[in-house]
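The numbering used here applies: residue 1 is where the sequence shown begins, and numbers increase by one.
Certain hints may be false.
[Unchecked claim] Each pair of labels, with its calculated beta carbon distance range: (1) Phe46 <-> Gln139: 24 to 32 Å; (2) Gly62 <-> Ser143: 42 to 50 Å; (3) Glu42 <-> Asp146: 13 to 21 Å; (4) Pro154 <-> Asp111: 14 to 22 Å.
Honestly, the hints are just simulated from the structure, not real lab data. For each residue, glycine too, the CB sits at the ideal point set by N, CA and C.
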Amino acid sequence: MATVPPPTATTPAASLTQIRAHIPITLNMEKMNYDSWRILFETHCFSFSLTGHIDGTSLPIGPTDATWKQLDNTVKMWIYGTISESLLNSVLKSQCSARELWLMLENLFRDNKEARAIQLENELRNLRIGDRSVHDYCQKLKSLSDTLANVDSPVSIAP
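With these hints in hand, go ahead and build the complete structure from the sequences.
Below is the structure:
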């Protein structure tokens, strides 16, 4: 079984600039789409053998490891390119690693779950069809249900 060599600064990952073509959603606090975004982002990093930069298993050989720094900055640029401007303003920080940035985003979304669940449950309880089509109404119900599941508060069907 052949082993995969570690990525280098000349790999396709280092030259990829159109991240939106690979991760088509923008991470946004309003949409609470962290779980979907995370899955897409992890899949993308895996396809370039760069998952170690977000899970903390890839470390520089030393303080002058230029290849590691370049690849880590590539992953950071991918993150910056797939988050909303308000999130960018919250997490933009010089001299942090992709792993540190990853953890900042995770903490922002995990810490906000309870308050967001209360807000979404209230929105679900008060949702009316109004002048929506049945399709639009069902889509909104599904969206609220999916978002509640993303904040660990899935909708249950009462007996």
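Here's how the hints hold up against the structure:
1. Phe46 <-> Gln139: 24 to 32 Å: 31 Å, holds
2. Gly62 <-> Ser143: 42 to 50 Å: With Cβ atoms ~48 Å apart, the hint holds.
3. Glu42 <-> Asp146: 13 to 21 Å: Between glutamate 42 and aspartate 146, where Cβ atoms are some 19 Å apart, the hint holds.
4. Pro154 <-> Asp111: 14 to 22 Å: 19 Å, holds
No hint from the list above goes unmet by this structure.
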